[in-house]
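Protein chains in written order, with this note's numbering: chain A, 1 to 301; chain B, 1 to 301; chain C, 1 to 301; chain D, 1 to 301.
These are calculated hints, taken from the structure and not from any lab test.
The model shown is predicted, which means the values in this text are computed figures rather than measured ones.
Backbone N, C-alpha and C fix where the C-beta goes; we use that ideal spot for every residue, glycine too.
A couple of the hints might just be wrong.
[What the hints assert, rightly or not] EDC-like cross-link-like pairs, simulated, lysine to aspartate or glutamate; straight-line CA separation at most 16 Å:
| id | chain 1 | residue 1 | chain 2 | residue 2 |
| --- | --- | --- | --- | --- |
| 1 | D | K150 | D | E102 |
| 2 | A | K211 | B | D197 |
| 3 | A | K53 | C | E175 |
[What the hints assert, rightly or not] Sample of chain C residues lacking proximity to chain D, with all beta carbon distances greater than 12 Å (derived):
| id | residue |
| --- | --- |
| 4 | R19 |
| 5 | D168 |
| 6 | A214 |
[Said to hold, decoys possible] Not the full set, but computed from the structure, chain B residues with beta-carbon under 10 Å of chain A:
| id | residue |
| --- | --- |
| 7 | V18 |
| 8 | Y21 |
| 9 | D31 |
| 10 | K69 |
| 11 | E70 |
| 12 | W120 |
| 13 | L152 |
| 14 | A163 |
| 15 | L173 |
| 16 | T176 |
| 17 | H177 |
| 18 | S184 |
| 19 | V186 |
| 20 | V254 |
Number of protein chains: 4
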Amino acid sequence: MSYTLQDHQYGKAETRLVRIYRDAPRHEIRDVNVTTALRGSFEDAYLTGDQSKVLPTDSQKNTAYAFAKEHGLGSIEDFGLTLARHFVDDVEPVSGARIEIEEFSWRRAVVDGAEHDHTWLRTGPEIRTAAITVEGEGDARREHVIGGVKDLVLLKSTGSEFAGFLKDGYTTLPETHDRVMATSVVAKWRFATVDVDWEDTYTRITAALVKEFATLQSLALQQTLWHMGTAALDAVPELAEIRLVAPNKHHFVVDLSPFGSENPNEVFFAADRPYGLIEATIVRDGAPDAGSAWRASAGLA
Amino acid sequence: MSYTLQDHQYGKAETRLVRIYRDAPRHEIRDVNVTTALRGSFEDAYLTGDQSKVLPTDSQKNTAYAFAKEHGLGSIEDFGLTLARHFVDDVEPVSGARIEIEEFSWRRAVVDGAEHDHTWLRTGPEIRTAAITVEGEGDARREHVIGGVKDLVLLKSTGSEFAGFLKDGYTTLPETHDRVMATSVVAKWRFATVDVDWEDTYTRITAALVKEFATLQSLALQQTLWHMGTAALDAVPELAEIRLVAPNKHHFVVDLSPFGSENPNEVFFAADRPYGLIEATIVRDGAPDAGSAWRASAGLA
Amino acid sequence: MSYTLQDHQYGKAETRLVRIYRDAPRHEIRDVNVTTALRGSFEDAYLTGDQSKVLPTDSQKNTAYAFAKEHGLGSIEDFGLTLARHFVDDVEPVSGARIEIEEFSWRRAVVDGAEHDHTWLRTGPEIRTAAITVEGEGDARREHVIGGVKDLVLLKSTGSEFAGFLKDGYTTLPETHDRVMATSVVAKWRFATVDVDWEDTYTRITAALVKEFATLQSLALQQTLWHMGTAALDAVPELAEIRLVAPNKHHFVVDLSPFGSENPNEVFFAADRPYGLIEATIVRDGAPDAGSAWRASAGLA
Amino acid sequence: MSYTLQDHQYGKAETRLVRIYRDAPRHEIRDVNVTTALRGSFEDAYLTGDQSKVLPTDSQKNTAYAFAKEHGLGSIEDFGLTLARHFVDDVEPVSGARIEIEEFSWRRAVVDGAEHDHTWLRTGPEIRTAAITVEGEGDARREHVIGGVKDLVLLKSTGSEFAGFLKDGYTTLPETHDRVMATSVVAKWRFATVDVDWEDTYTRITAALVKEFATLQSLALQQTLWHMGTAALDAVPELAEIRLVAPNKHHFVVDLSPFGSENPNEVFFAADRPYGLIEATIVRDGAPDAGSAWRASAGLA
C-alpha cells in the first residue's frame, strides 16, 4: 500500500498582539489575533522528518511582532498582505501564505464628556476578521483579501414571519406572521482587488448588513440573508462575493395561559440549542474567480 | 457517627428571559438571565426525600416568566425584589430568597442616521448584575440589594507604574514606571436602602469607575482599585460598600532587539494565563451591616 | 448589477439527543449532538421569500428524535446515513443532505468492583465525530461517510525533537533533541464504502493513532502526523483518506537558574496561545474520489 | 465621608504547571493549575500606592515553578501546604495564604496491551481540586485543607423520582416516578487534620459519591446529595465536612406522539439552560470549627 501527502500547511495560530501608537498624546490602539499558515514544498518535513525547509512557527510569531513595529499595524487587511507577501517572497520554500486576523474593538473612555487620550473600554461582541492569501511569484502572483465580521448579534422584535413552508409527517411547527428574529451573523466578503480603502468599506458593508436586517419585512432568515448580502454588494462595488452563515437564535413565546396571562409576543425564552443554521454564498455576476481565496485549511476547515 | 445538614438552598439557575415592550411603535427590550434560590425549612427533602415543602425549580422558572408579564421587567434590581418578596411572602416554607440577575445590553440599530424602532445590536462585553436577598417576615424582614457590573474590560496605554515592591529570592520582575494596564473588572456594590433610582445610580457608578481608572496615575492595580471603589462611593451616597475583583491582564513588551528594533512600549504580547488577581472590599464608615447580603450560596460560592 | 445565489444550505444545528436502551436491566446509552443540513432547489426561499419548498429546521429536529426511536441509534455513522437518506428520498425538494454528529462517551459507574446497570460517568475529553453526505437519486446516488475524533489530547514527555530547521532573520528558537510534545488531535477519515463495522474500525483507528504518537521518535509534529495518518490507513483498509489537524500545545521549560536550580525537562509552563498548528491530508493511492464528502458548509466552513 | 479597606488579598491566578518525573524509564506526570493569594498588612499598597510590602504576583508564579522542582509535586494538597507555609513563614508582610489548585488527569497510553512509559491521554472531565489556607504564626498557626472534585458528570437512566412536591399557582410540572437524573457535581470536603493520605482519601471519597448516586433510589436531587455527602463522611473519618453543589441537568422526554410513537423514557432532549441547582453543606457532629477554611476571596467569591 502506498499513500500520498496531499494538502498540507503549518503555521502559528493565535498570536495575540496589541499595538499602541504613542507618538502623540492621543494614543491609538490596535488589538489583534494573528494566525499565519505557510504552504510550499514541505513534504520532507512530513515524510522523512527533515526540517531544513521549515521556518519554525516561533519565527512566524516573531515576524508578526516585528512587523507590527517595522511596518506598523493599520488595517488588518493591509497587515495581512504585508505578512503574506513577506513569507512568500523572502522565505524560499514558501509558495503560499494564508494569514487570518481577528481584530477586537475598543472605544475610548469618556471622562467628563470628553474622549480620553490613552484609556479604552473593550466593545463588541462583533469582531472584525480578515483572511489574506498570497501565492505565486512574478506573473503567477495571486493575492486574495477576504474581509469579514463575526459575532454580529442582531435582534428584531417584529417584522419577521415564517409561514407557507413545506410540511411533512414530522412537522409540528405552527406558522407565524410576527416573531422575534435574532441571529449572530458571520459574514465574509471577498474583494475583487487589493486596492481598497479597508476602513471605509468595512463601515459601509456592516452598515448595509444592519440596515437590511432592520428594514426588510422578513419572510424567512434565508430571504433576509439574501437581501443583506446583496445590500453589501450594492454598497461596495469592490466586493466580488459575500458569504453569510447565520444561526436562527430561537426566541420562543412562553405560554402564560396556565397562569392566566396572555402573551402577545412580550415574554420569550431565549434558547441555546438547537438552532437553525442558514447559509448563503452570493456572487456578483462577472466577478473574478475566487481561486484559493476561500481555502482556509489543508483539510478540515 | 451523626451529621448535620447546615446551609442548604435550591433553585433554578439561568432562566433566559427576553421581555419586549411593544405598546408603542418604538419597542423596548430587556434581556436577562435569572437565577432564583430558595432558603427555608427544606431539611426533609434532603434527609427523608419528602418533597412536600419543595416548590419545584420548574415553578420558579414559570414565576420568572409570568412576573415579567404581570409585573413588568424594568430595572433588574426591582425585578429581583419583586420575585424575592413573592417567594418569601407567598410560598409558605420559604424563609429567604436569593435572586441573581444578569442583564445583557442592546443598542439600537442606526439606519440612515436614525435609531431603529425595533432592531438592536448586542453590545458589551460588560454585563450588569444584581443580587437580591429577602428574608424574614414582619419586623424581621430584611432586604438587601447588590448591584454590579462584570466583564468591564479596561486598558490604559500609559499612566501606570509598578516599582518599589518587595523582592525575595524568587523575584525577577524588573520595575517599571510606564506600562500597559488592562483588566476586566468585576464590581459589586451594596446599597444601604432599596429606595434607589437603579438606572441613574448604575450610570453614575460605572462612570466613576471608568473615570478613576483613566485619570489616576496608577502605582499598582491595588491602588487603582481603592480609588475606583472610593470614587463610586463618593458618587452615590446610597452605596454602603463596594467589592472589586480585577485580574491584571498582562501585556508584555515584546523584545524586538534580536530583529534590530527598539520597542518603547509599542508592541505587546497579550497573555492569557497566569494573571495577577487583586481584590478589595471597601466599606463606607457607618454603613449598615451587610447581614446576609453577600451570601450567594449554601456552600461553595 | 446582478448577483447569483451560489452554494446555499440550511438546517438544524446541535440537536442534543440522548437515547436510552432499557429493554434489559443493563441499560445502554447513546449521547449525541446532531446537526442536519439540507441542499436542493431552495432559491425561492432566499430570493422571493417563498418557503413552499422549505422543510422547517424544527421538523428536522423532530425527525432526529423520532428516528432515534423508530430506527434506533447505534453507530453514529449508521444513524447519519439513515437520516440523510430519509431527507433525500422522502422530502421532495431535497437533493442532498449533510449530517454531522458528535458522540459523547460515558463509562459505567463501578460500584464495589462491578459495572452498574444504569449509572454512568461522562468520559473524555475526546469526542467521536461523523459527517455523512448523501446526494442524488438512482444511479446518481452518492453516499459519503467521514468518521473522526476530536479533542484527543496526547502528551509525551520524551521522544520528541525539533532541530535542523530553516533559520531566517526572525528566528530565535533554539534547537532541541528532547522536548515535551503535546497536542489535541482532530482527525477525520473518509471511508471508501458504507459497508463498514463502524465500532470496530473506530477502535482500531484511534488505537493506531495513539500507538504511533507514542512510539515514533518524533522529529517534528509534521512527521508525527504523517506517521499517525498512515498507521490508521494501514490498520483499516476501508479508509480512503485521513485528514489531521493538530496544535502544538507548547510546554516551555521554565528557567529556574535564577533560583539556583537546574531544570532538565522536569518543570514546564503549559502555554495557551499562540500555538503551532500543523495540518495534513493523506490519501491512499487509488482511493475513490472524495466528491462532496468534505463539503461541510455552503460557504464559510 | 470616610471609607475603610476591609478584606483584601492579591495573588497570581492560573499558573499552568506540568511536572514530569523522569528519573526512571517509566515517567510520571502531574498537571496542575495553581492560584496563590496572599493576605496581610497590604493597606499601603491600596491607600497610598506604596508597594514596599507587596511581593509581586510574578514572584509567586516563580515560586510555584521553583517549588515544583525543589520540593517536588506529589499530592496537590501537600504542594499547596508547602507553598502556603512558605509565603506565611518566609515573606514578612504575609499573615495568611490561600492556595487553590486544580489537577488535570492523564491516563497512560496503552500500546499493544501495555501501558506506555512516557505517553499519556488526557482524561476527565472530572478535575481534582484543593484549597489550602495557612495563617498565623506559632501557637496561632492554623492550617486548613479542602479537597474536592468538580465536573464529575453523572447520569442514571432510572431509579430517580420527583413527586409529592409543593404546588402553587405557577406549578405545571407533572410528577414522575421514573426519570433520567444527570448532574455535574462540585464537591468540596474539609479535612479535620493535615495528616492525611491524600491519594487514598480522594479515591475513597469519589468512590463513595459515585456509589451512592448509583444505588440510592432518588426521590429528589436534594436527597441524593445528602446521601452522597454522608457516604463520603462515612468513608473517610478524617473529613469534618462536605459541601455539594449540583445542577439538575434536565433530560426531557420528547413527545413522539405526533409521529405515532410512544416514548417510554427512551429518547430525551438534553437541555442546556435553565437548570435546577441544589446545594448542601453537611457537617460531622463535633467536627472542628471551619475557621477561614472556606474563605476563598476577599469579596466576591
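Comparing the hints with the structure gives:
| no. | hint | in the structure |
| --- | --- | --- |
| 1 | D:K150 - D:E102 | holds (9 Å) |
| 2 | A:K211 - B:D197 | violated (34 Å) |
| 3 | A:K53 - C:E175 | holds (15 Å) |
| 4 | R19 | violated (6 Å) |
| 5 | D168 | holds (30 Å) |
| 6 | A214 | violated (4 Å) |
| 7 | V18 | holds (4 Å) |
| 8 | Y21 | holds (7 Å) |
| 9 | D31 | holds (7 Å) |
| 10 | K69 | holds (5 Å) |
| 11 | E70 | holds (6 Å) |
| 12 | W120 | holds (5 Å) |
| 13 | L152 | holds (7 Å) |
| 14 | A163 | violated (19 Å) |
| 15 | L173 | violated (20 Å) |
| 16 | T176 | violated (15 Å) |
| 17 | H177 | violated (15 Å) |
| 18 | S184 | holds (8 Å) |
| 19 | V186 | violated (14 Å) |
| 20 | V254 | holds (4 Å) |
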